[in-house]
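Put together the whole structure using the sequences plus the hints.
Protein chains: 2
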Amino acid sequence: MSALDHFWAVIPAGGAGTRLWPVSRAAAPKFLHDLTGDGRSLLQHTVDRLVPLVEDRLLVVTGVAHREAVLAELPAVDPEAVVAEPSPRDSMAAIGLAAAMLERVDPLAVMGSFAADHVVTDPAAFEEAVSRAVEVAQEDWLVTLGITPTYAATGFGYIRLGEPLSGHPGVHLVADFVEKPSADVAQRYVDGRAHRWNAGMFVGRPRVLLDLLAEGDPDFADRLRAIAAEPERMDELWARLPLIAVDHAVAEPAAATGRVAVVPVDPGWDDIGDFDALAGLLGADEGRVSVLGDADLVRAIASTGLVVPGSGRLVAVVGLDDVVVVDTPDALLVTSREHAQRVKEIVAGLRETGPQHLT
Amino acid sequence: MSALDHFWAVIPAGGAGTRLWPVSRAAAPKFLHDLTGDGRSLLQHTVDRLVPLVEDRLLVVTGVAHREAVLAELPAVDPEAVVAEPSPRDSMAAIGLAAAMLERVDPLAVMGSFAADHVVTDPAAFEEAVSRAVEVAQEDWLVTLGITPTYAATGFGYIRLGEPLSGHPGVHLVADFVEKPSADVAQRYVDGRAHRWNAGMFVGRPRVLLDLLAEGDPDFADRLRAIAAEPERMDELWARLPLIAVDHAVAEPAAATGRVAVVPVDPGWDDIGDFDALAGLLGADEGRVSVLGDADLVRAIASTGLVVPGSGRLVAVVGLDDVVVVDTPDALLVTSREHAQRVKEIVAGLRETGPQHLT
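These protein sequences, in sequence, are chains A and B.
Position one of the first sequence corresponds to residue 0 (numbering that gives the first Met the number 0), numbered consecutively onward.
Position one of the second sequence corresponds to residue 0 (numbering that gives the first Met the number 0), numbered consecutively onward.
Please note: incorrect hints may appear among the correct ones.
[Unchecked claim] Under the rule of at most 25 Å between Cα atoms (straight-line distance), these lysine to any residue pairs were calculated in the SDA-like manner: (1) K343(A) to S181(A); (2) K343(B) to S181(A); (3) K343(B) to D321(A); (4) K343(B) to A294(A); (5) K343(B) to K343(A); (6) K343(B) to G286(A).
In case anyone wonders, no lab produced these hints; they're calculated from the structure.
Set out below in structure tokens:
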């Protein structure tokens, strides 16, 4: 029997991706989009790289508004495996519900949680690290993957490596989880080699995860287990679940008491947090204009950056470095890679003043 | 009798305005567009500021493809006054044909030629200068308006002032016409106060203009007079007329022999040669995003420059200085004010490779 025989993948498919507006919208969030230009959405890629590890043992947890779109993207996935949240309650509720369901379905289960909207360019390294994480998790550890930093990123949280974990070469305890650092601090983290990026990937037994949650909020864990036992109580119980991320509810307190392990890995990971990251992913760092979409629609002169021609119209860019142009049928964004984070301010403004259909 | 009783305005309405692509196209050139944001096209404004001087004494010379559009823009103008060129033959042919027609219609005529796609923000100063030019032209001078330079423009030709013209205070002979200068030379022109911008405005008796032309190219003048005498010969004669600007054919050689006068004036003139000029005209120099069109469609954060929302879509601009964004239903341009001149390279590329309907 392989360690993976009872390994389940949980894919929380949520988040508006407002920094990727106007591609990503409330009605069509980031995970439904093809951001790598190969015709597959981020969600499809996420499933693609997990299927070799889990076969059909996977759950997708998504908003009720997106369930139909998710089913359409994943024709090979059993509709029963696509769980609809009545409303967004942050990652602890989504992942905790999956844990409570799996606890009942498979007493031997180890689950791994992987966001639907990240990219991994080295799936073999990813598979190998997840397999090792599953082995560690079978010993009742909560396990996370720690991504080797490739630059001094200020947009990610970090994991500080603790003592080596005996019996698992290369695996460490998590000393602590660190919030997004300043540029100076990030550079020290990279140079010091004792930090990894926190990609929010957690592997563990459902029982372990829920028991860790119960230590801080027993009522939260009870409600999740109640929903799993009586799905018809979902609407009654879901809306009052706390809004909290799994990191804060479980991973950080557990790390503080030495109960989280980390498997270091360099799987070519990115969360594509904004158009600067997307531009880098698509090769714009090489001094050219990268195009996500039909390159025949783009005419660039003396420019570098990213163009997303998404309305069928011609897009001409002249004399701009590190520019970002995102063309959609009803909204157009023009910014620079440097200011890509501020795109969310446009969305915030639109939510306030409308038109709402553009948000 | 006023000096203006026999003053005729000739408005050559041609030119593709490729540096204002994608607003200006072969099928809808610059003069047909509202570039000041008040609902009137440049052509309409040109007529508006000439009517107080000429009443109904005006001729518009335009391409056969644009005659219907011109008539639609100018419902108060007699359709007979809108002359269609069978093909574009540069400004000497267009203005010379008008001269030949007016020579027959009104033996006392003085004509002034004013491009259909320039702006004048001080029409009173313009009127006053034109009136003075007409008075001088009645003495058989060819007269031009010399625009006071307000900055060291490198995109315009200059007029060097010669001796004062006796009997007309403030009016000078033209010493010579100077090609577009380098930035250094332009600055010297501005500092020296002896140069004016050449706005291509010429005032003179039709006979004087044609006789000056005949000195260099008698056949050219003969053919223009033949077309005016027998309009049915237009197609036969027009296509073989030389392609030359009125500046080269008439104004420069006449200035070299001391037969051109210049009336200095500061009428707030601009030829809106590119989006940089348009941005300045619309107030973008004051550190904000100027909008030509529906400002409700534009959301700008930490940006300056010009946005032309022309497709009904929302245009969001984030973190870009001196940016130019021009949105039309079938093509989008993103550039900087600094590189606005290079927009014509996009048009040149499209003419080569298509799609032609976008040029």
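Quick rundown of the hints versus the structure:
no.: 1; hint: K343(A) to S181(A); in the structure: 20 Å, holds
no.: 2; hint: K343(B) to S181(A); in the structure: 44 Å, violated
no.: 3; hint: K343(B) to D321(A); in the structure: 22 Å, holds
no.: 4; hint: K343(B) to A294(A); in the structure: 20 Å, holds
no.: 5; hint: K343(B) to K343(A); in the structure: 34 Å, violated
no.: 6; hint: K343(B) to G286(A); in the structure: 23 Å, holds
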